[in-house]
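Those sequence lines, one after another, are chains A and B. Each residue of the first sequence is one higher than the last, beginning at 1 in my numbering. Each residue of the second sequence is one higher than the last, beginning at 1001 in my numbering.
In case anyone wonders, no lab produced these hints; they're calculated from the structure. Note that the structure is a prediction, hence the values are computed from the model and not measured. Note that the Cβ used here is the ideal one computed from N, Cα and C, for glycine as well. A couple of the hints might just be wrong.
Stated by the list, open to error - Listed below are several chain A residues computed to face chain B (Cβ distance under 7 Å; list not exhaustive):
(1) A49
(2) G61
(3) L92
The primary structure of each chain is shown beneath.
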Amino acid sequence: MSTHATDTLNAPPAQGFYLTSEHHPENGTMLGFWIYLMSDCLVFAVLFAMYAVLGRNYAAGPGPRALFELPTVLLNTSMLLLSSITYGFAMLEMARNRTGATLAWLAITGCFGAAFVGLELTEFAHFIHEGAGPQRSAFLSSFFTLVGTHGLHVTFGIIWLVTLMVQVTKHGLIPENRRRLSCLSLFWHFLDVVWIGVFTFVYLMGMLR
Amino acid sequence: MSIASGTPHSEAGSGHDAGHEAELDPRHVHGHDAGHGSGAAHGTLKGYVIGFLLSVVLTAIPFWLVMARPLQDSQATMLIILVFAIVQIIVHMIYFLHLNTSSEGGWNMLALIFTMVLVVIALSGSMWVMYHMNTNMMPMSPQDMRNMP
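If we strip away everything but chain B, and leave its shape as in the complex, we get (with noise of 0.2 Å):
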């Protein structure tokens, strides 16, 4: 019985519990003598190697785009690359910090998300409201002061 009770959590549980449920098994042992890091996960050789070719890849198309130009259109070239950085970010993140759902019980990745909500509103906020600053406080020729309010 004592065996089944443990089982349940372990393979669908969230993070938090498995790390809970851990801490209470006698059966892991913690040490520091058998190349255990200290909480953070170490990737394996296959997991680096891929997110640096993922990286190269993602890096040289952007800049091949614009030092190359195959697209006229910067606007489109722009989102694009946009879309790149992104995805390279994701890699990084994946790939070299190893960063998941369960690495510290969940709290990495709720803190990540927090940050990055807050990124978001620190910068589309900061451009929305000094873009609106700058079409409305300065009148740029006497056709325009014409048409104040």
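Bound conformation, chain A alone (with noise of 0.2 Å):
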């Protein structure tokens, strides 16, 4: 009995265990926040099917071909990886405790967000100057609501980054804000996966047909 009692003592998995598991939920915060960026996965499953089922009816207007420049989409995808890592290095600033690096990096992801909405509305401006809005086609209805949708999510993520921002500023890394940043990284790096989607399936493969 004595034996086995040592070999569990000298054991290191036992001492391990607490420092490489997951941490166990303090509150059901994080979980209810996943379980929302599913049901947001789902709302941007519809608006793919959507794309699907109507994005090859052009009414006799522009198609894919046409519209998307593939330079311009590629840099909006690197700016949105650049702002997913750099909103990771604020939340491993955010473990060390050091409040104006967090924010530092934040304020970068930030401008890469921003950067990212200023180019696709750039895009947006430009097809609805050569008379492809959305009330063209099926195609650009689907097309712009689909995209649109997605803007808008890093639209409102820009806003609550500034927000948050504000509140770090004036209360520093208190656990509220720790939860309010985990989540919204978490939102962030989802949006991110999401566009993996976009840019795949609406802009790469628009231009193969």
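Combine the two chains into a complex, taking the hints into account.
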């Protein structure tokens, strides 16, 4: 019996367990927010399905090949990808309790996000100027709805990010702000995941038609 | 005896068990003071950099495939970029969203699987049904009209 107890005490996994495993949920916020993201995922799935069904009905209007400019989309994609990793850096600084560095990385993330939305709005304005607005064809209606919904999410993400920067400046990295920043982290990375679907399914596959 | 009784589940136990035991264990002091997020895992610098580099590669290759068109077959190109997108989504889930089977006692993964099932049903179902609607609804030429049942 005593040898058994000694073995257990000496076993490294028992020590390492609490360090390597996930933290247990302290409240339901993170799980609840994840469930919200999953419902958002369903919203995007329906919009993708709508685009898949209507995306080839051009009504004699311009198609994807005539409209899309892949270099712009590539730039857009890199903006969002860079904002994802800078948000990750902000979370790492938050874990190290460094308020100033967290705020700096959040500001950089916000700039990349704003650049993304700006490029997208420029693209939309260009389309509308060419007479390829959402009213032109079913393809363009579904395109503007899908890509616009994603852009709207990013816009709200930026508003949320600025709000949290004000909160962190005022109150510091208190537990409530850490929880909020964790939620926004999930939201931000989730939007990047949705964008993978958008650039693959809408832009790249559109150019292959 | 009490020490031994706590250990068997901890190593190989499922996420749900692990989370539950941690709650009961007095050694696991939880507080917000030591850089402790609220239940969400925070990654490491290495993890974020690996995820970022993988994403750059997984984004660059599909764009290159479509912009330079090294493959003439567009069907094959489509299939390849679809595979790249799925791999990149998985990379993001692991390295950026820190998803694993034990986060939130496994409920995150369960919710994700459930959502993915719904997404696949909605997407494939819509495309399947609407494709057949399109082919069955409208005779496109007099020839088609004559062959109508």
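Taking the hints in turn, this is what the structure says about them:
no.	hint	result
1	A49	holds (4 Å)
2	G61	violated (18 Å)
3	L92	holds (6 Å)
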